[in-house]
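Number of protein chains: 4
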Amino acid sequence: MYIPIILGTARQGRESEKVARFMLNEVKSAGIATNLLDVRDFRLPATDNSKTSPQAKKLAAAITKADAIIIVSPEYNHGYPGELKMMLDLLYEEYAGKPLGIVGVSIGPFGGARMVEQLRLVAIELQMIPIREALHFPNIQDCFDGKGMVKDEEYKKRVKKFLDKLAGYAKK
Amino acid sequence: MYIPIILGTARQGRESEKVARFMLNEVKSAGIATNLLDVRDFRLPATDNSKTSPQAKKLAAAITKADAIIIVSPEYNHGYPGELKMMLDLLYEEYAGKPLGIVGVSIGPFGGARMVEQLRLVAIELQMIPIREALHFPNIQDCFDGKGMVKDEEYKKRVKKFLDKLAGYAKK
Amino acid sequence: MYIPIILGTARQGRESEKVARFMLNEVKSAGIATNLLDVRDFRLPATDNSKTSPQAKKLAAAITKADAIIIVSPEYNHGYPGELKMMLDLLYEEYAGKPLGIVGVSIGPFGGARMVEQLRLVAIELQMIPIREALHFPNIQDCFDGKGMVKDEEYKKRVKKFLDKLAGYAKK
Amino acid sequence: MYIPIILGTARQGRESEKVARFMLNEVKSAGIATNLLDVRDFRLPATDNSKTSPQAKKLAAAITKADAIIIVSPEYNHGYPGELKMMLDLLYEEYAGKPLGIVGVSIGPFGGARMVEQLRLVAIELQMIPIREALHFPNIQDCFDGKGMVKDEEYKKRVKKFLDKLAGYAKK
Chain A
32 MYIPIILGTA RQGRESEKVA RFMLNEVKSA GIATNLLDVR DFRLPATDNS
82 KTSPQAKKLA AAITKADAII IVSPEYNHGY PGELKMMLDL LYEEYAGKPL
132 GIVGVSIGPF GGARMVEQLR LVAIELQMIP IREALHFPNI QDCFDGKGMV
182 KDEEYKKRVK KFLDKLAGYA KK
Chain B
32 MYIPIILGTA RQGRESEKVA RFMLNEVKSA GIATNLLDVR DFRLPATDNS
82 KTSPQAKKLA AAITKADAII IVSPEYNHGY PGELKMMLDL LYEEYAGKPL
132 GIVGVSIGPF GGARMVEQLR LVAIELQMIP IREALHFPNI QDCFDGKGMV
182 KDEEYKKRVK KFLDKLAGYA KK
Chain C
32 MYIPIILGTA RQGRESEKVA RFMLNEVKSA GIATNLLDVR DFRLPATDNS
82 KTSPQAKKLA AAITKADAII IVSPEYNHGY PGELKMMLDL LYEEYAGKPL
132 GIVGVSIGPF GGARMVEQLR LVAIELQMIP IREALHFPNI QDCFDGKGMV
182 KDEEYKKRVK KFLDKLAGYA KK
Chain D
32 MYIPIILGTA RQGRESEKVA RFMLNEVKSA GIATNLLDVR DFRLPATDNS
82 KTSPQAKKLA AAITKADAII IVSPEYNHGY PGELKMMLDL LYEEYAGKPL
132 GIVGVSIGPF GGARMVEQLR LVAIELQMIP IREALHFPNI QDCFDGKGMV
182 KDEEYKKRVK KFLDKLAGYA KK
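Chains as they are written, first to last, in my numbering: chain A, 32 to 203; chain B, 32 to 203; chain C, 32 to 203; chain D, 32 to 203.
You can trust all of the hints, since none of them are fake.
Repeated chains share a single entry, so a pair holds when one copy, or any two copies, can fit it.
List time: in silico DMTMM-like cross-link candidates among lysine to aspartate or glutamate, alpha-carbon distance up to 20 Å:
| # | residue 1 | residue 2 |
| --- | --- | --- |
| 1 | LYS203 | ASP98 |
| 2 | LYS202 | ASP98 |
| 3 | LYS82 | ASP120 |
| 4 | LYS59 | ASP98 |
| 5 | LYS89 | ASP120 |
| 6 | LYS192 | GLU156 |
| 7 | LYS188 | ASP173 |
| 8 | LYS82 | GLU46 |
| 9 | LYS196 | GLU124 |
| 10 | LYS192 | GLU124 |
| 11 | LYS49 | GLU184 |
| 12 | LYS187 | ASP176 |
| 13 | LYS192 | GLU164 |
The hints are simulated quantities; they were obtained by calculation from the structure and are not laboratory data. Since the model is a prediction, treat every value here as computed from it, not as a measurement.
Excised from the complex, chain A in its bound form (with noise of 0.2 Å):
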């Protein structure tokens, strides 16, 4: 199974990076197969829809092969980064059929929830599958140790139970 993680902010100091990063060790150490979709990886001038350009062949690449999709996302004024749906919109019919699992972060309380929302009307027009699990990390700039050690073991098992309805969609 290869499920990869699709990083949403481009942002200098992006805490939502260490999110990203402890997900990949998550998912690995679950025997899943899978790697990081930098958003920074994926920029186009703006002008420049082409799903002929390497990053859209990039993408689709992975895209593709992918059993499921994971995004973690900080939320921006409720939506989502720019960035991150300049990156969705470069492919259509690759994601027909992924599960999408969302990961929301937030500097303050409510670990995305808002932005969430607003992705998921995105994937199910992309005719991906949200599914009902999401991860939230709210308050971020607390979560983490300095060596990227997630502080509350709690979300181990919160990860846990998200890949396993991910896994489970996948599998249909």
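Here the structure of chain A is known, so what remains is to put chains B, C and D in place on it, guided by the hints.
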């Protein structure tokens, strides 16, 4: 009164530019000062969200003196274009209290109705006042003639009503 | 295969009933077992959310054996009818894994497109699988003749495509 | 100044009633006239959406003289309670121009954040002005003591800020 018009897509061949130019004429004809804030002119490297960039400063200058704001945008996969979101996320306080009118554009039949909803929620978080009245340009490929003139005169009446409402909020 | 149709408005003079009856015929014609779950038959005192009520039990019986679900509903003020939400909130586990197709109805031009979005988010929380394909009946007052026959035959093709997709998810 | 408080759930054992009563006290303490509009008192047979019903007339009288509106509501399955939507749908013009502040309540950790988003979109269509500031009561079962007093005094500061903003809009 000054109401700038944000054009929210940077894609090549963007149909929404026709709508933005039409709106520009109509707003001027109504005796309201306006200009186009083209998302193409506000692009930054995605890693840079600095409010000290020339792009952010230019946007801040326009928004600060605006009495209200119009956004013309297509709907991409039920959401807003990523480049529009990146542009809006450049600022925060400057938007406070500004009435917002949204003009949706689509190839299909619904004129961006779903994008309007997602964008309204972002606008509320930015402390804007999204008004009920929206303009919709469905089947955009059939809306304008070769000279950029709107085919259905009905649109001019709708724009007038839209501007009356928007200006009404701006005066409060 | 069994796909029940929920009619989501209880209002007098409801135009959506015509759509629900049309859908009922089309689903039957496709060789799929179906019946109407009329929200009028699932009303409870608002103080009573008991899963042990006859209404909740009746709904649970239908949903449990369903292979997929169709909801036909108008859009009221950009959202779903309250009586539909109360009906859906009667159950929880029973919906898990059921593909959902939504049919939107409106007096205006957008065929309930915004209601569909709000309802999809509720459906995900209920563990349903909302499919990308939706059916839209805008300008509903002009859609059917005096005998309840749909005027534009194009709708039958759209229903067929919608059912093919929904049945496809149901078989997984 | 008069700001009524709508209590949006009719369920037995509703925790949101504690929040509504707390808000009622705080609004009064701020020198603003208020009263509770309990959704239980505005229920109609679902078949009856008549604006001539006693319930609709009573609601219209309160909304018409309101300078702003507060809605206290739980989140059910990521949306608003059906009975709240039915109550709001009773009127239309009466809401025009009224600032709206939403208070979200939840058993879980997000304090109704997703319900707030869906309700804001309904409110815009009703021509209300939903303000950015929202109040959230997550983990509601732990928020109040046996006498209905809020345990965390921080909430009183948040309510004050919320009311200042809401009253500020109301004065325009």
